[in-house]
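Novice: Sequence:
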Amino acid sequence: RELLAEVPLRCPTRAFGQPALEALRTYHGSAKRWLDRVPEGPADLVQAVRELGVWLRESTSQVQGRRKAEDCPFKSKLHELSREGGLSSRFQASVEPLALQVIDLVNRAAETMLSELRRFALSDAPSGEVSLDVGDDLVGSAAVLRYDGDEVRISALHYRKLRTLYSSHNPMPSGSDAVGDWEKAFRRRLYLMARRYITFIGLDPSEDGARGGNMHAAAPESVFAWLKTEFDVGYECFASPLNCYFSTFFSAFPDVDAPFGSRGSFFDVEALPEGSYEVGPPYTEEVLELMARKLLSLLQHGASLALSFFVFVPDWPGAGGLNLMDGPSFAAYRRSRHGGPFALAKGREHHYITGVQFFADAGANAARRYYTVPHGTRVYVLQNDEGAKRWPFSEAHERTLLEKLRPPLPT
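Heads up: the sequence shown at position 369 corresponds to 369 in the numbering used here, and the numbers run straight through without jumps.
Treat the hints as calculated values from the structure; they're not laboratory data. These numbers come from a predicted model, not from an experiment. Treat each hint with caution, since some may be false.
Capping the alpha-carbon separation at 25 angstroms, the derived lysine-lysine pairs in PhoX-like fashion look like this [stated by the list, open to error]:
no.: 1; residue 1: Lys228; residue 2: Lys346
no.: 2; residue 1: Lys294; residue 2: Lys389
no.: 3; residue 1: Lys346; residue 2: Lys404
no.: 4; residue 1: Lys161; residue 2: Lys404
no.: 5; residue 1: Lys228; residue 2: Lys389
no.: 6; residue 1: Lys161; residue 2: Lys184
no.: 7; residue 1: Lys68; residue 2: Lys346
no.: 8; residue 1: Lys404; residue 2: Lys389
no.: 9; residue 1: Lys228; residue 2: Lys161
no.: 10; residue 1: Lys294; residue 2: Lys228
no.: 11; residue 1: Lys228; residue 2: Lys404
Please take these sequences and the hints and turn them into a complete structure.
Specialist: Listed below in structure tokens is the structure:
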């Protein structure tokens, strides 16, 4: 879905006037390049791209004197291109076979990478000592891990969080020799875990800034704190040591995450203990569908237990997993109070913690730590009958939850 959304170019929905005209020109240029890439492009696409070019040349003068978005022909044209049956969807239908080939290649490469990562971790590498330098200042300073010429930098704030997390699951022993061994093991495991995620997400730890990493994003702390207080949420079904709020969670890489509190992969769990859970999966259609089917199975087979799930997913109409949660199979478990199957946080009206919150230049720096989410986010509240009795969800709760997702007002 995300790959195809860029074909021939993702259309901005809010632009009008000169920015909308520039977006249309960029779109037209990209569409012409895509025609060169698509073998024997359909004649109707070729003609539609030609007509768009003619329209642009004839309409350029209309940018002058128009101020309202609703009167802007360029904004209207962007909407026309991106709507159902528009030029974008026709392009996407033509290139979908190529996109599927790309996804297959990426999946195979990912499987190979995962195999190598697991082999590296199972060898208990690194065998040598990992050095550690920690800055004194929580804001802006870094903890630097070095091994065999490799350097991993994380924020000092996150280093302290990870050390506390590790200590809670691996209490420090008494005796100087035992403490020294504990410290060496901690540094080695911290390096392995951080290097795994940096490699997996595709980040360059030697450079400052949030490059990539939105796939590792998380809801803001205010949401988790409220869920804990109001609904006794204490577990995350999709997290990592780097972005977890609670000390116990499920994660993608238990081989390196377990020392920091991971209970393994959510998909490997046959049953969950009674409780209230936060569910924030990676935003891919495959994972969303697997997640929905897993939740349905847990709710159906855990009727005697009080189970409650707060599920945060992108507003992707038509995605298989979301269709399943919207459908009759989940009707008995949905607890949304406004009449629809989910509550919706609108695009650009809520914020998340960036997936690179652990970078040295992020940490406690709110300007780098948070970002405004450009798309809508759906929140499904799913409970079996026992869960609904223990943690009833009201209209007031729904309003408060959406409010907790909003960015704070500037001071």
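Novice: May I ask which of the numbered hints given earlier this structure violates, with the numbers listed in increasing order?
Specialist: Of the numbered hints, all hold.
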